[in-house]
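4 protein chains.
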Amino acid sequence: MRHIIFGESHGSAIGVVLEGVPAGLELDMEGIRAQLARRATGKNSLSTARKEKDEVQVLSGVFEGKTTGAPLTMVIANGDQHSSDYEAIRYTPRPSHGDYAGYVKSGGCLDYRGGGHFSGRLTAPLAAAGTVARQILAERGIWVGAHISSIYGICDAALEDVEDLQAVADKEFPVLDDAKGEEMRQAILEAKSEMDSVGGAIECAVVGLPAGLGGPDFGCNVEGIFAQHLFAVPAVKGVDFGAGVALSLMRGSEANDPFAVRDGRIVTATNHAGGINGGITNGMPVTFEVTMRPTPSIALPQRSVDLRTGEETEITVKGRHDPCIVHRAVPVIEAAAALAACTVLGI
Amino acid sequence: MRHIIFGESHGSAIGVVLEGVPAGLELDMEGIRAQLARRATGKNSLSTARKEKDEVQVLSGVFEGKTTGAPLTMVIANGDQHSSDYEAIRYTPRPSHGDYAGYVKSGGCLDYRGGGHFSGRLTAPLAAAGTVARQILAERGIWVGAHISSIYGICDAALEDVEDLQAVADKEFPVLDDAKGEEMRQAILEAKSEMDSVGGAIECAVVGLPAGLGGPDFGCNVEGIFAQHLFAVPAVKGVDFGAGVALSLMRGSEANDPFAVRDGRIVTATNHAGGINGGITNGMPVTFEVTMRPTPSIALPQRSVDLRTGEETEITVKGRHDPCIVHRAVPVIEAAAALAACTVLGI
Amino acid sequence: MRHIIFGESHGSAIGVVLEGVPAGLELDMEGIRAQLARRATGKNSLSTARKEKDEVQVLSGVFEGKTTGAPLTMVIANGDQHSSDYEAIRYTPRPSHGDYAGYVKSGGCLDYRGGGHFSGRLTAPLAAAGTVARQILAERGIWVGAHISSIYGICDAALEDVEDLQAVADKEFPVLDDAKGEEMRQAILEAKSEMDSVGGAIECAVVGLPAGLGGPDFGCNVEGIFAQHLFAVPAVKGVDFGAGVALSLMRGSEANDPFAVRDGRIVTATNHAGGINGGITNGMPVTFEVTMRPTPSIALPQRSVDLRTGEETEITVKGRHDPCIVHRAVPVIEAAAALAACTVLGI
Amino acid sequence: MRHIIFGESHGSAIGVVLEGVPAGLELDMEGIRAQLARRATGKNSLSTARKEKDEVQVLSGVFEGKTTGAPLTMVIANGDQHSSDYEAIRYTPRPSHGDYAGYVKSGGCLDYRGGGHFSGRLTAPLAAAGTVARQILAERGIWVGAHISSIYGICDAALEDVEDLQAVADKEFPVLDDAKGEEMRQAILEAKSEMDSVGGAIECAVVGLPAGLGGPDFGCNVEGIFAQHLFAVPAVKGVDFGAGVALSLMRGSEANDPFAVRDGRIVTATNHAGGINGGITNGMPVTFEVTMRPTPSIALPQRSVDLRTGEETEITVKGRHDPCIVHRAVPVIEAAAALAACTVLGI
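Residue numbers (this note's numbering), protein chains in the order written: chain A, 1 to 347; chain B, 348 to 694; chain C, 695 to 1041; chain D, 1042 to 1388.
Pulled out of the complex, with its shape left as it was, chain A reads as follows (with noise of 0.2 Å):
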């Protein structure tokens, strides 16, 4: 399965096109949209007034509801755009955004509008894809979910049990520990009357994968896969697998996890090598953490250049500005996780 995640933030539609999906599933439309309305804008104070309406349209692929086998397209609608707002950041760069770098690469033809095709908007999309591959690994007694572990520093309580997962899925505001999630809100509250915004980051887990899946190659390595997804994440700055950072403090005989055996089956007393072993799935938990640096849209003044003169200037952009991602990121995370389960699963 291969996609192709496609539009810019303020075109005429965002969409994806999947190719490879087995024929025969009944596409959970239902899914699709509690998945983009997870990840939507405009609904609290919280995130940007840009209000997404994200009515999912399905172009090919499906027939008498049912996938047939062939590309699989889904596109979503523009609208409630303020393309004005941008004119000026035409020229000048907001800083770590992917203006600058997006200008030299297309030789300036790109649409600097909303951010264009490095717009956030762009992972609707990619939420409806990963609700595709969720159904796929559902069939398979695969499950996936997350939660925000941490937000400018406040972390939510640790994961105990991978189970617990399962609850965090319908919270607006996805986290264990729900005191922990009142003060992470003031937190971006706060950053909010500020101007500024905050990061974070989310910990993540693939319940269920099969031992024996992947290699230690490049190409096969089921860390690889996944970070090669995640990275295509906008704001996924950090990929760490397992115990993660954590790993290099530690010693050999804490860092190993033991094997043993539970109602018959081979698994390890501790799971601090994230589920895998020399690049192959050993039957635990696939789990890993990703970092968020925070929203780069910020509405303090900042300095930047004016590309046509080549002389430094200051920006300060108007509009709409989204003080935090991170919480609204959990489903595109989890949508990024389905689809590496997928191509670690061969399918």
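Derived from the structure by calculation, the hints contain no laboratory data. From a predicted model like this one, the values you see are computed outputs, not experimental measurements. Be aware that one or more of the hints could be misleading.
Within a straight-line C-alpha distance of at most 35 Å, the following computed DSBU-like cross-link-like pairs (lysine-lysine) qualify [unchecked claim]:
id : chain 1 : residue 1 : chain 2 : residue 2
1  : D       : K1359     : B       : K413
2  : B       : K518      : B       : K413
3  : A       : K53       : C       : K760
4  : B       : K400      : D       : K1107
5  : B       : K413      : D       : K1094
6  : D       : K1233     : D       : K1221
7  : B       : K400      : D       : K1094
8  : A       : K171      : A       : K192
Here the structure of chain A is known, so what remains is to put chains B, C and D in place on it, guided by the hints.
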């Protein structure tokens, strides 16, 4: 350029085939030997006692000292094997090694001796391939450097200036601050004396990549390309770009890299993004840190399972142990980064 | 550059996503419409009566008339569908169509109406994508031309000079010799009157590719790249380069193309190799002939099997039949060749 | 499964790395030797006098006689080289060889001795890899057979029953009709005596592939997959499926393969489509014919160009010539077909 690493720790040889190497490159055999020497074991008390000679034989792709553009094959014969040491692990997998996952994947048909194809020894051909990649980069004014950023929590000096990495390449123990390096060595020797091992982290920079390479999408995203190469290095469990996990603690106003003009060139005043915005290079050094788990091979008894009986058991692995591989992995991480940089350049 | 063609004959729309299109290309909508008109049906008595309007809508990847380098999506809405005509084939596959093979592949979940995703109608987005490829080639002085080389055994004049193909592009019936074209038309009409169809062949040339592209190995071999694109065109059953099947009848002294110097440029006096030696372009036009089987849709009763009962039965397909698609396939073959040429160029 | 063929005719060794071989396959070294013997030269008066021993050494991927799933590397040392014979062609390319195209591609840095990486000798590792693929197919009840369908216009008997191909495999000169084979031999010897060479064609069948594999789209199309593998075989200039070029002469009513039921299985009464409809297998044998150009190495003087001076010149190539490679190419075409069939099966 694509590569396949082949061989097993206790087979007749290990090696690599590199396809798509540009023609006309004067192959730097001296440089290859130097990189292999940096990662070789047996030189001092810090690593396993296995004596690796690592003589590289070029089987194909080079004529009159220059690459021809045809597949370049390099082979390193194996030697100094103590295969009998590994009989015990045939059906009793070592915790956090690829033994069990590989056993399941291969239906029991894996070469278990010394880790077989999962062995850290396979990083030798990777280092050789990486040297070819570095030559290609050098012709374009691009270089790769790295240092040990931490071992068992002991941190090297912060990297203020990427140019400092050039001096580190000649050190047997590649740190910026040799006093910190000495502390790290002590930590390794202490772990060794307790039959244990330690983890650490490596910080790496690719300097000189032009702006405008890569793309936001899956498959061409620069972070994704680097991550795919880096996770194929044994022991790597995390890859974090730029300021890395610290970005989750930041506000946008801190994390954003303001644009500036230096010597008529557009740069960013800071480089928290690690030289990548929107999946595209922005002309700043591409920087990242990889987390390396402790070597799973330790001499302490550990809990395992007998794969024949399905019963829990204990395993004590005899033979040579490597209390830390972080210092030796530095040239390997550089090699993986160089191969990734070639991909990003479209080579 | 890679592409995915999507859609079904009787779905809401068909289209294509092109990834990796160079930025800054002024999209030639007029050219796209012209190519779609060349391959459209319903214009005259030679093809099916389905009226295809084929209005192309660009959904993404173009800003202010120029490509941005982001995925380029083109969509063509469907219309004039007579879906009920196809109820009979749901469980009774038409001989030599994709009906049965597709039924097995999809476990019965395919859109059988009008051939679904297997429909010749899917060549419309391919022609559109090919026009983009041709624009990219034109900027490099490369062009693609083709003519009907035969229909039902009636052969067009031999192609003495590839430049002659430029004049053929404007013809409704693209042959070098219009008298032969008239004979071909008669053969088509005769077959049509007998409720039958006819096959043929198309000869194509890509002119202007520089020498030195491609390679002998699997994956980069020029013949292999072209063939992969050409066989993805419905009805193509053979691809033969240069002198083609006649090479099997030759001696080396006849087949070999002697080198010569013309205007200071190294050329070959003949071009039996079709511009490719050792899998690499030699600077001569890349030439090949594709064999197109007769349209399998005929109005005569044919032997089939009822997929529900597993019993032999007869099928007479109602609705619109296309007695020959060779003339309409000319722009499609050119499109596939242009996409292949872009791949060979590394675009 | 993917492979890289490496080596040069006059280098130290040639070989292949196969990635993705299923684990647990008992490697049939005898079978590999047998296939290598079929394609080896020097056995009789029909081929070049170069004595090829072709001893295969397995460098990796096999343990205790079975594949491990790790990359499988097979190497064949070179010998009996007369490199000095080739000094004349260093700057004077042989017509219709890869010499000139390769020279341009490599900027002059190619191993010109004996064709270097372009040599027909590289078909030895391909035959070895193909034998592994055939073993994998055999476990699934699939086999590959081929015969010389024509040499210099002398045609073998028509293939009425694909089962007849099984008997041909043991023949030194693989034809159905030995009398025709004798005529072919005479044609070869006659060409040889006139210092010339002859072309021909090979017909191949893959028997036992289940229906429902592949797809209509670029990249998964069965014809495209086979063609990509076949065109990577040196000397192949055309690939035609089923009835092949004859389809261009047919009417739909002749070409269409009526469905029928035999022993409770859906089959087609004829197989003009070569077992593929809409890019998908239909359960019938996949059949195709490849056109092989005459060996370009002939002993007659030929027109060429001196690459140093850019002036026309004459070349007479000394050394060993192969008046025909078609008979020796039969196992190579089978090997390529077997590798293609594995791809189609998703192996």
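Hint check results:
A hinted pair counts as satisfied when its Cα atoms are at most 35 Å apart, and K1359/D with K413/B qualifies at roughly 26 Å. Our distance criterion of 35 Å between C-alpha atoms is met by K518/B and K413/B, whose separation comes to about 29 Å. Between the alpha carbons of K53/A and K760/C the distance comes to roughly 28 Å, so the proposed pair stays at or under 35 Å and holds. The suggested pairing of K400/B with K1107/D holds, with an alpha-carbon distance near 28 Å, which does not exceed 35 Å.
Proximity of K413/B to K1094/D is assessed by CA-CA distance (about 28 Å); at most 35 Å being required, the pair is judged to hold. For the hint pairing K1233/D with K1221/D, the CA-to-CA distance comes to about 18 Å; that is within 35 Å, so the pair holds. Taking the CA atoms of K400/B and K1094/D, the gap is near 31 Å; set against the 35 Å cutoff, the hint holds. A hinted pair counts as satisfied when its Cα atoms are at most 35 Å apart, and K171/A with K192/A qualifies at roughly 22 Å.
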